[in-house]
Amino acid sequence: MTAEAEPPAEPDATLTSPAELLAGYLDFYRDAVLRKLAGLTDGELRGSRLPSGWAPLELLKHLAYVELRWLQWGFAGQQVEQPWGDMEARGGRWRVEAGESVEEVTAFFRAQCERSRAIVAGARLEDRMATLGGRVPPEEERPTLIWVLFHLLQEYARHVGQLDVVRELADGVTGE
Numbered sequence: 001m002t003a004e005a006e007p008p009a010e011p012d013a014t015l016t017s018p019a020e021l022l023a024g025y026l027d028f029y030r031d032a033v034l035r036k037l038a039g040l041t042d043g044e045l046r047g048s049r050l051p052s053g054w055a056p057l058e059l060l061k062h063l064a065y066v067e068l069r070w071l072q073w074g075f076a077g078q079q080v081e082q083p084w085g086d087m088e089a090r091g092g093r094w095r096v097e098a099g100e101s102v103e104e105v106t107a108f109f110r111a112q113c114e115r116s117r118a119i120v121a122g123a124r125l126e127d128r129m130a131t132l133g134g135r136v137p138p139e140e141e142r143p144t145l146i147w148v149l150f151h152l153l154q155e156y157a158r159h160v161g162q163l164d165v166v167r168e169l170a171d172g173v174t175g176e
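Heads up, the sequence shown is in the numbering used here, so the first residue is 1 and it goes up one at a time.
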């Protein structure tokens with residue numbers, strides 16, 4: 001049996017501010033991720049249904065670190081102890097430690113999203129990243145905030161689509 005999930009609210013269709021629209025859609029996708037995971041058992045969150053082997057909880061942790069890497073470490077230039085803490089090694093497989101609870105990973109994700117919102121609220125779309133992958137390239141080579149936000153949107157859209165499949169395979173729930 002297939003059940004339909006209640007979709008999250010999209011940003012207002014009359015918005016004319018690019019910054020508000022980008023922020024609104026990021027929140028839309030952040031909420032969609034959490035909605036896709038809500039109701040899954042611990043086993044379903046930690047297990048994989050796909051040949052690539054990733055688990056939904058690993059994806060949630062990965063998205064938390066995506067926020068951390070792009071906006072805190074990269075854009076704001078803040079010191080980050082483990083920017084690749086979601087992976088076995090940089091560019092490697094996503095991981096969640098056995099001792100990490102679903103609640104801890106979810107709280108970490110929410111905290112990174114809050115930090116990201118604060119960073120974006122205090123910046124302009126044309127502002128440039130402070131660093132890029134831990135290095136400081138010339139100013140003209142650094143991505144702008146608007147580029148970073150579009151990059152985050154495409155990353156979220158891709159991963160929400162993957163979670164659509166995982167959720168339907170787990171319990172038949174479909175929809176945003």
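Check before you lean on any hint, since a few could be wrong.
[Unchecked claim] What follows is a list of derived Cβ distance ranges for each label pair:
#1 Leu-125 x Trp-84: 24 to 30 Å
#2 Leu-169 x Arg-90: 14 to 20 Å
#3 Ala-157 x Glu-97: 35 to 41 Å
#4 Gln-79 x Leu-125: 23 to 29 Å
#5 Phe-150 x Arg-110: 29 to 35 Å
#6 Gly-133 x Leu-15: 16 to 22 Å
#7 Glu-88 x Arg-135: 31 to 37 Å
#8 Arg-93 x Val-165: 37 to 43 Å
#9 Ala-98 x Arg-49: 24 to 30 Å
#10 Leu-132 x Ser-48: 16 to 22 Å
#11 Phe-150 x Glu-100: 15 to 21 Å
#12 Phe-150 x Gln-78: 36 to 42 Å
#13 Ala-89 x Ala-13: 41 to 47 Å
It is worth saying that the hints were derived from the structure and are not from the lab.
We put the beta carbon where it would ideally sit given N, CA and C, even for glycine.
Which of the listed hints are broken here?
Hints 2, 3, 5, 6, 7, 8, 9, 10, 11, 12 are the ones this structure does not satisfy, whereas the remaining hints hold.
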